[in-house]
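Chemist: Whole structure, please, built from the sequences with the hints as guidance.
Spelled out, the chains give:
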Amino acid sequence: MKKSVKLKEKTIVYPYIPNSVPSVKNQMLKEVGATSVEEFFDDIPEKLRLKGEMDLPKPFLSECALKRHVEGIISKNKDCEEYLSFLGAGCWQHYVPAVCDEINQRSEFLTAYAGEPYDDHGRFQALFEYASMMGELLDMDVVNVPTYDVLQAVATSIRMAARITGRHEVLMPKTISPDTLSKVRDYCKPQVNIRLLDYDSRSGQLDLASLKHSISSNTAAVYFENPSYLGFLETHGSEIAQLAHSRGAICIVGVDPISLGVLTPPIKYGADIVCGDLQPLGIHMQFGGGHAGFIATRDEETYVMEFPSRLFGITTTSVKGEYGFGDVAYERTSFAKREEGKEFIGTATALWGITAGVYLALMGPQGMQEIGESILGRAHYAMSRISRIRGVVTPRFSTGHFKEFIVNFDDTGKTVAEINEALLNHRIFGGRDLTEEFPELGNSALYCVTEIHTQDDLDRLADALEEALH
Amino acid sequence: MNNITKERYANGKPRLRRFHQAKWDEPIIFEMSCEGERGILVPDLEPAIERTAEDAISTLPEGLRRNQPPRLPEISQPQLVRHYTRLSQETLGVDVNIDIGQGTCTMKYSPKVNELLARMPKMAELHPLEPEEAVQGILEIFYKFEQILREISGMERFSLQPGAGSQAIYANASIIRAYHEQRGEAEQRDEIITTIFSHPSNAACAKTAGFKVITLYPDADGYPDLVALKAAVSESTAGLMITNPEDTGIFNPRIEEFIKVVHDAGGLCAYDQANANGILGMTRAKEAGFDLCHFNLHKTFSTPHGCGGPGSGAIGVTKTLAPFLPTPVVEFDGHAYHLNYDCPKSIGKIRSFYGVAPAILKAYAWVMSLGAHGLREVARTAVLNNNYLLKRVLEIPGVSAPYAKGKRRIEQVRYSWEELAERTGIHSEEIGLRVADFGLHYWTSHHPWVVPEPSTLEPTESFSKADIDEYVNVLRHIAHEVANNPDQVKTAPHNSTIHRIDPAALDNPAEWAVTWRAYQKKIHEDSE
Chain A
1 MKKSVKLKEK
11 TIVYPYIPNS
21 VPSVKNQMLK
31 EVGATSVEEF
41 FDDIPEKLRL
51 KGEMDLPKPF
61 LSECALKRHV
71 EGIISKNKDC
81 EEYLSFLGAG
91 CWQHYVPAVC
101 DEINQRSEFL
111 TAYAGEPYDD
121 HGRFQALFEY
131 ASMMGELLDM
141 DVVNVPTYDV
151 LQAVATSIRM
161 AARITGRHEV
171 LMPKTISPDT
181 LSKVRDYCKP
191 QVNIRLLDYD
201 SRSGQLDLAS
211 LKHSISSNTA
221 AVYFENPSYL
231 GFLETHGSEI
241 AQLAHSRGAI
251 CIVGVDPISL
261 GVLTPPIKYG
271 ADIVCGDLQP
281 LGIHMQFGGG
291 HAGFIATRDE
301 ETYVMEFPSR
311 LFGITTTSVK
321 GEYGFGDVAY
331 ERTSFAKREE
341 GKEFIGTATA
351 LWGITAGVYL
361 ALMGPQGMQE
371 IGESILGRAH
381 YAMSRISRIR
391 GVVTPRFSTG
401 HFKEFIVNFD
411 DTGKTVAEIN
421 EALLNHRIFG
431 GRDLTEEFPE
441 LGNSALYCVT
451 EIHTQDDLDR
461 LADALEEALH
Chain B
1001 MNNITKERYA
1011 NGKPRLRRFH
1021 QAKWDEPIIF
1031 EMSCEGERGI
1041 LVPDLEPAIE
1051 RTAEDAISTL
1061 PEGLRRNQPP
1071 RLPEISQPQL
1081 VRHYTRLSQE
1091 TLGVDVNIDI
1101 GQGTCTMKYS
1111 PKVNELLARM
1121 PKMAELHPLE
1131 PEEAVQGILE
1141 IFYKFEQILR
1151 EISGMERFSL
1161 QPGAGSQAIY
1171 ANASIIRAYH
1181 EQRGEAEQRD
1191 EIITTIFSHP
1201 SNAACAKTAG
1211 FKVITLYPDA
1221 DGYPDLVALK
1231 AAVSESTAGL
1241 MITNPEDTGI
1251 FNPRIEEFIK
1261 VVHDAGGLCA
1271 YDQANANGIL
1281 GMTRAKEAGF
1291 DLCHFNLHKT
1301 FSTPHGCGGP
1311 GSGAIGVTKT
1321 LAPFLPTPVV
1331 EFDGHAYHLN
1341 YDCPKSIGKI
1351 RSFYGVAPAI
1361 LKAYAWVMSL
1371 GAHGLREVAR
1381 TAVLNNNYLL
1391 KRVLEIPGVS
1401 APYAKGKRRI
1411 EQVRYSWEEL
1421 AERTGIHSEE
1431 IGLRVADFGL
1441 HYWTSHHPWV
1451 VPEPSTLEPT
1461 ESFSKADIDE
1471 YVNVLRHIAH
1481 EVANNPDQVK
1491 TAPHNSTIHR
1501 IDPAALDNPA
1511 EWAVTWRAYQ
1521 KKIHEDSE
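Protein chains in written order, with the numbering used here: chain A, 1 to 470; chain B, 1001 to 1528.
Wrong hints could be hidden among the right ones.
Which stretches of chain A does chain B cover? Using the computed rule of at least three CB atoms under 8 Å from a CB of chain B, they are [unchecked claim]:
# : region
1 : 29-40
2 : 121-130
3 : 165-172
4 : 203-212
5 : 403-411
6 : 420-431
7 : 441-447
No lab work stands behind these hints: they were computed from the structure. Remember, it's a predicted structure, so these values are computed and weren't measured experimentally. Every residue, glycine too, gets a C-beta built ideally from N, C-alpha and C.
Modeler: As structure tokens, then:
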């Protein structure tokens, strides 16, 4: 006869919690002279103590079961390796070199935090090098340890300008992204009024007459983007900067860093503060989780002292020739001065800064130029292919473009939503539907093409559009 | 031959480790540049695309074509990987040190499997603007994690959008502002009250959001001062923004009264839960009466710290304040998950898209590996560890734990080396430099130093008894050195990657250099 076997009931010892071993716990309690862990919570009034256990889902205690559970959920996603994607609008699918992932998953970097320049020398150096390489790309001498994303970078750049000028108004074109505008409205509210400038409906260019009319001795800054959120290139950078400067205002330019192998760094046409997002530089899209904001200025004390961010500087040590690093002008930060510091500072996106540095070092001058040319060429090929489809107009704006462009479907009799739905059947994510954000542009979508798109991919898109429309 | 038995970890007993940090004398990356080398190649252009590229470049608007290539370094891939791997070795992550020394930071183990999950293409290659039907998996994670945070805090709704703790504090300050605006009291209610032992971002974010800041100092026992609070509130009070337990590790037992005083004055109360690790499952924001709270997912929920981000800051609010949360919020209709942008009272965008999705995924996985019992075990073990450390540290002559005499602490303790400093002239910061010689971190505290000669230690649940013993051994050894061989401390670090830094240049506009190009212009000539 078979003897029934009952497995022993187990006390849970958690692999991530060494002292969850009961005997160790008891020994420690004994050493501190406590009879139970409850004693340590004496200061928490009885009334505020949670009775019983929280009502949380049953855990998956084994790693094997946990992995199966989480994989089961995320397997419902359809990613941009399975589908051919032409989405951009603030998050862009570029190729991420394996080395970028290799370095940012080095557990020394991944799990470090806020150590001193001695025990974390490598972290300081990697971030100094990041800033230095961004400085070359932007042709500017001061670059911050990155902030959260481009939204924060734009909003902080504007507040910096307001503090530097002592003025309270920013001028920006209506072509900026609604998300950026929303962030700036919230973040700048206590200090800066926003005035939106018209744009030329044919070219997308900022309306210089509107700028001339609006600019005044209250203007702290004029902000514009190049390339713009809507994809076109702003060709009047010099005029805008000159107009800003003529009234004592600061010129802030938002830029896509991956464009700067072929496009002129904004400082050349007069930008005083340049900002943007690092996500294109070797960082996966991660459902919008891969953003990091940069802010760059000239090396002038009036500008440097207004950064809220950490700025890592190079210095000497007691050994001749040895490099050391540390915080530049730390006293300006809220770590040093609480509410008397500039805005606030805390955990932001250092690991993405290191990653962007790795990317720039991998690409080098030639790589950045070639990738810029590649993106330009592919985007223009796509525009030319799509523009041949009956009823479709692209680019919607007449001036140059980098990687994004508007496709207008007004004369096709179909909405962007319908077209994108049809593209899904071809396993294609069509461009961002702009009909709600920019109704004045009609039935339009913002398409993004990068170096990852082959000619075959672009032909496939054009063929699928043709099929969807006719 | 030396006998190193004494230094080695043996028989479950840690000794004084003979540490030496990696020291590669690694050049600045520009110094490694060799003309013509390539780190990676870009895909070739197909002939048709090459033609359009040539046209596109030649027709670029005037003044927009870059003339000079950026002066980036030129490095082959093996040399580049070696450089960065060496820099990583010169960095003390939690995975390589007993990270008790960065108090308030909640340094804990970040499970490898969660990292692996977050890096799968199903997460990494997701575009945030894909149609909802294509991103049901990640929206489910957002939704389920929100349910988890609701239970942990008792709050009604969460937004996972803020990029880390300080941005979450800022978002809460913005919600407080929007709430009073809606009631037509924004101009009148322009003061935020905080405490000096709450993270500096509570004060700084409130100021950034346009408020005046009133900072309360502790009473004689180190507890937040109720009398001072009563004197501070008025019809100008917009809200209270505080940490609890505070950065001293002391839990404010009168928290309910604090909140009542502020509510009675018409203000809102925001709970900075950066120090939540020690109270998970023990006490919640809701029962104390808070209107808003936030959690740092890179701290309490293990999603790693990444050299200082990406982190994630989840903000939770009561039902009354839910309409003010950033847009969009994630909803579930019983069949599918949706992004809801229809929030007319919302403060709008705090960060791009929906938040740091990989961190949210890792935090979800972390909770699902522990469950309710496990989360309590996290808190109880972290607090046991802290009180064990407290007991052991106080055995060292010269160090004290000011305030709340004879009381236990929650998650961390702010110690003081005042007695030692007065006796020997050696300061807390110098002790910290010597601690680096043993492969450990040591952090003083945020400014101002209300506790003289401070150091803040936080031994989370990730550290074993032997780990804590080793840290204490190092502190005891250094305290002994201070008395018997002070030069060894005064000239530290000895075993670090580098030697004592000259900080003067970092505060001098004529010398500071935030980039290599600035350094070349300013300083390089002098150092030859």
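Chemist: Hint by hint, say whether it matches the structure.
Modeler: Here is how each hint holds up against the structure:
1. Proximity of the region 29-40 of chain A to chain B, defined as three or more residues with a beta carbon under 8 Å from a beta carbon of that chain, is established by the 8 residues found.
2. Using a Cβ-Cβ cut-off of 8 Å, 8 residues of the region 121-130 of chain A lie near chain B, which meets the minimum of three, so the contact claim holds.
3. Residue count for the region 165-172 of chain A with a Cβ under 8 Å from a Cβ of chain B: 0. That is fewer than the three needed, and the coverage hint is violated.
4. Requiring three or more residues with a Cβ within less than 8 Å of a Cβ of chain B, the coverage given for the region 203-212 of chain A is violated, as only 0 such residues are present.
5. Given as covered by chain B, the region 403-411 of chain A fails the check, having 0 residues with a CB less than 8 Å from a CB of that chain where 3 are the minimum.
6. A stretch counts as covered by a chain when three or more of its residues have a beta carbon under 8 Å from one of that chain; for the region 420-431 of chain A and chain B the count is 3, and the coverage holds.
7. Judged by the Cβ-Cβ criterion of 8 Å, the region 441-447 of chain A is not covered by chain B as claimed, because only 0 of its residues qualify and three are needed.
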